[in-house]
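Trainee: Single-letter residue listing:
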Amino acid sequence: MLRNYLKIALRYLSKNKLYSFINIFGLAIGIASFVLIMLYINYEQSYDKFKGSENIYRVYMDYLEGDTFVPGDAMTYNLSGPTLKSEFPEVLDYVRFFYFEKMTFQLGDRIFEQPLGSLADPSYFDIFNYPLLKGEKEKVLSQPYSIVLSKSFAQKLFGNENPLQKTISAFRDGEEAVLTVTGVMADIPKTTHYRNTFLISYETEKTWTDWGPKAHELNWNANNYYTFIKLDPITNADVLRQKIIESDIEEDTEEQHNIEPIEDIHLYSNKPYEVSANGSITRVKFLMAIAFIILILSWLNYVNLSVTKSMERAKETGIRKVSGAQKSQLIIQSLFESILLNLVAIMLSLLLVAIVLPLYNGITGKGLNLQLGSLSAFLPYFLFILFGMVAAGLYPALLLSSYSPIKALKGKIQTSSQGLAIRKGLIVTQFLATIVLLIGTIVVTKQISFLESQPIGTDINQVIALKGEVVTTKSDSLLINEYKVLEEELKKLPFVEKIAIAQSYPGDSFDNLSSSRGILLPNGTKEDDKLFYTYHVQPDYFDLVDIEFLAGGTFLPSSNFDGKQVVVNETFLKNMGISSYDEILNKTVGFWGENEWRVTGVIKDYYHFGLKSPLLPMVIRYERDVNNILIKLDASAASVTGFESSITQIKSEWTKIFPKSTFNYTFLDQKFEAQYQEDKSFGAAFQVFTLLAILIAAMGLFGLTSYTVVQRKKEIGIRKVNGATIPQVLTLLNKDFVKWIGVAFIIAIPISWFAMNQWLQGFAYRTALSWWVFALAGISALLIALLTVSWQSFNAAVANPVESLRDE
Amino acid sequence: MLLQLRNIFKWVQQGGQRIFLLKDINLEVQEGEFISIMGPSGSGKSTLLNVIGMLDTFDEGEYDFLSESVHTLKEKYRSNLYKEYIGFVFQSYHLLDDLTVEENLEMPLLYKKIKSSERKALVADMLDRFNIVGKKDLFPTQLSGGQQQLVGVARALIGKPKLILADEPTGNLNSQQSEEIMQLFKKLNEEEGVTIIQVTHSEKNAEYGSRIINLLDGRKI
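Chains as they are written, first to last, in UniProt numbering: chain A, 1 to 808; chain B, 1 to 221.
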C-alpha cells in the first residue's frame, strides 16, 4: 500500500513540475530560514550555561535616580562579595574579578599583549565549573603571584612544554610582576560573557603597584570589581534578592546591591561597565518572530497551492471513491504525499543551510554550526515543523476526500464560498506578513542610517589612537618625558596634522571612564546623588577631536592650576542645575578629596558612546599621564598606500624611543561605528529574511494565479468574444489581489507600528516612524504582487478566445 | 432478488418549484438480469443509475439491495455496500492517467486490503481474460478508446461485484469498438451470471439486454 502511495506521489510530483518546484522550494526556503535563525537564537541563549550555572548570580549596583532605583554599574566593591557571604547563609561562596582588557607579558625576549584576563579569588574554580587541565583546583590561585593560563595562551607562550612552575613577567602601569604558572585551564567557550584567558591570584594586587595596598583594603569606595555569588540550590533567588535590597549592606541611601542570574546577563543586561557588549533579548524576539513568520508563510503557500491543485484532482478522487476507497484511505494518501513533499523540502533546506552557513556566520559574526549535540535543543522546533507539516497537509486532504463522487466525476467541483473565504484569508495573511516584514526592514535600515548620519558633536575622521605597552622600569616622570620626545618627533612627520594625549576618546569602551558622585559645586552645594563621568586628557585634545567650547577654553598648560583643571559639558550643567556659564566658569569644583578643580571651559555635548546611550554628564580632567596618543592624519594618509606608509613611519618613531614595547593603533571612527555592528548585522539579517519571505509569497502567488487563470480561461474567452479589451481582462484578473493587499495593508499598519516602536525603544535616539515608511512598504508589496500576477494574467488576456472556447 | 425500488421520487427545488428528476419509479432486478435503461436526454437515466449505485440519494421511496433497506442506512454503510457489491463503468472510462493499465486494475484491490500476492494473481488473471497482457505497462493515454473501456470494464469486474452499472459505456466509441464491448457484456452476463444495468441511447445496444426500461421526464413508461 505504502509503496503504491509512494509511486503515485512521485509520479504526480514529477508530472506537475511547476507545482512541485514552487512547493518544495518555498518550503525549503522557509525551513532553512527557520533553522538558520533558530541556530542563531539557540547560540544567543546558550551563554554562560555550565554545570551549576543556574545557581550563580552576578552582583550589581542599583543607583537612585529621582525617587526610584535603576540598574547602575555592573561592577561592585571588594567588600560586596565577602559581606553578602557573611550576612546571608544562602550565599555559599563568592568570587571577585578585577578585569584587564589586555595585559602585556614578557617571556625572555618576547613581548605579548594578551586580551581578557582578571585578578580572581581562589574560589573561582568552585563557582565556575570550567575544567582545570593542569594544577590543583584548591591551590592554583591561593598564593600571590600565581597565574592560571588558558590552554591556547599557554600554547602561545610555551608551545608544547609543560608550563607548570614556569615564570613570566606581567606589566601593570609599568610595574613588573613575576608570576608563576600554577595551572592551565580549558579555553572558555565563546558563548560566555566573561572570557578570561588568564587568571592572576587576587592576593597579587596587594603588593603589585604602589596603590595596590590601598586598593586591596576592604572598602565601600571604589566599585571596580565584578562579583559572582553561588547560591544554595534550594534558595528562592527572588526572595534573597529582596532581602539583599532591603538589608542595604553598604548603608548608602543612594545605592543598593542587587543580583541577577549569570545566565541572563548576555541577553538581558546592558549596564554601564559590562565586561563585553551583550546581546539583546529584543533582537532575539524579533528574529524569532521573523523565523515563525517565514515558516508559516511557506506553509500557507503550501496549503493554498495544494487546495487549488486539489480541484484538479477531484476527478481522480471520484474514481478512487467509486473504486472502493474509504475516506480515511484517501486522507492518508494525501497526507502521505504532503509528508513526502515536506521531507524532500527538509532535505533540501538542510543542504541550503549547509551551503549558506559560512556566509550567514559572516553576517551575524557568530561561529554557528550544525552539531549533533545541539539537536536536543532543537527537538521542540523539530516537533513544531513536524506538526506544521501534518497540519498543512491535513486541510487539503480533508477537503479532497470530502468531494462527492458524482460531482467529482463530472468535474463540477467548485470551491464553496467558505473554502474561498479560507483561501482569501490565507492570501491576506501572506501579504500581511510580507508587509509587516517590509515595514520592519525599512525602519531598521532607516534607524541605522539615522544613527550614522547624526552629528555626534565631534570629528573623529582620520584620527588614530596609538596605544602600546612599554616594558620598562623607568620612573613615571622619565617615561612622561620620553612621551614628550615622541610627541615632538611625530609632529615633525609631514602627514601628522595634530597630536594630543587622552585617557579616553569618543567611541572608546567604558573601561577608561570613571563614574563618580558627590561633587561640590561652586555655590557650595554638594550633589551626593548625581552621577558624573570623568576621564583625563591633555590640552590639545579638544582641538584635535573638534569639540566645540561654549564658554571658556581648554586647560592652560603653564598655569598654577596645572593638574587641577577640568572642562565640563552641557549635560553636566543641566544635571547639576546650573543655568549660566558664569556660575561655574573659572570657579572651582570639588571631588575625590580635592576641592580645587578649576573649571576652564564648558564644551558642547558630544556622544562619547554613540547614539545608543544618552548624553553623559562629563568632567574632563587635565592630567599628564599618558594613555593614548591621538594622531590626526592629513588627507595624504587617506589612501591605503598612503596610510600604510604613514603607519610604518609612526611605528619606526615609536620603536626608536621605546625599543621594548608593543605597538597598537585603532581608528577612532571605526571603533565608534563598531557599536552599531550588532544592529547592522540585525538589519542585514532582517533584509535577507524579508527578501526570502517576499520570494516565498511571490512564488506562491505565481503558482496560485497560474491555476486561477486556467480556471477562468473559459470566462476570459467569453468576455473577449463579447468585446472585452486586454486591459479590461487584466483589471478583472488583478483587482481581487489589489483588494486583498489593501486589507492586509490596513491590518499591517498597527501591528508593525507597535512592533517597531518596541524595537526603537532600545535606542536613546530614534528615527521617526514616518507615514512614508508604511506607504513605501504597501506600494512595494502591491507592485511585487501585481508584477507576479500580471505575468500570468497577461498571457491569459492576450490568448485567442477561440482556443479557450474550442475544447468545451 | 438482487434489488428492488419502490415509489422512488427525486427532485430539486428551483425557484420555489419542484423539478422532478425521478417520479414514482418501481423496479425489481433479479440476479443474472441484463437491463438496458433508455430514454431521451434529461429523462433521468443517469440519475436512476446513480440512485441504484448509491452514489446519489433520493427524496422519497424505498430501496432494498440484497434485502438491506438502503433508504434507512447511514451514508457510511451505504457506501460500504456499493463498494463491496457494485462495479461502475463510465462513458469516458475514468481511468487514472497517472497509473498504468496494471496499476489501474490493482487500485480497487488496494482499498479492499487484499494481500500483495493475491492482488498480483487477480490482476494477472484479469489481464489474461481480457487479452491485454501486452498492454499492462502502458498508460491510458497510450491506448485507443476501445482498449481504455476494456480496462474500465476489467477494473469494474476485478472486485467480483454482483452488479455492474454502466453509464453509456459505448458513448465515446466507434461502432466496431461498441460491438466488442457489448459482446463482452453479453458474455459476462451469460457465462458468469453477472447482473448488468446499462444506460444507453442506442436501440442496437439495448437489444443485448434481456429487458428494456424506458424513461421520459423521470417516469417509467
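Some hints here could point you the wrong way.
Just a few of them, taken from the derived set where beta-carbon distance is under 7 Å, the chain A residues facing chain B [unchecked claim]:
#, residue
1, M1
2, Q329
3, I332
In silico PhoX-like cross-links for lysine-lysine, where the CA-CA straight-line distance does not exceed 25 Å [stated by the list, open to error]:
#, chain 1, residue 1, chain 2, residue 2
4, A, K315, B, K113
5, B, K76, A, K315
6, B, K23, A, K407
7, B, K135, A, K7
Simulated from the structure, these hints should not be mistaken for lab results.
If you're wondering where the values come from, they're calculated on a predicted model, not measured in any experiment.
Glycine included, C-beta positions come from ideal geometry on N, C-alpha and C.
Trainee: Now look at each hint and say whether the structure bears it out.
Mentor: For each hint, the structure was consulted:
For M1 (chain A), the interface hint holds, the least distance from its beta-carbon to any beta-carbon of chain B being 6 Å, beneath 7 Å. Given hint, Q329 (chain A) at the interface with chain B, holds; its Cβ is 6 Å from that chain's nearest Cβ, closer than 7 Å. With its C-beta approaching chain B no nearer than about 11 Å, I332 (chain A) sits outside the 7 Å limit, and its interface hint is violated. Distance check on the hinted pair: K315 (chain A) and K113 (chain B) sit about 23 Å apart at the alpha-carbon level, within 25 Å; holds.
Under the criterion of a C-alpha separation no larger than 25 Å, the hint pairing K76 (chain B) with K315 (chain A) is consistent with the structure, at around 21 Å. Distance restraint check for K23 (chain B) and K407 (chain A): the Cα-Cα separation of roughly 22 Å lies within the 25 Å cut-off, and the hinted pair is therefore satisfied. Distance check on the hinted pair: K135 (chain B) and K7 (chain A) sit about 19 Å apart at the alpha-carbon level, within 25 Å; holds.
When each numbered hint is compared with the structure, a violation occurs for hint 3 only.
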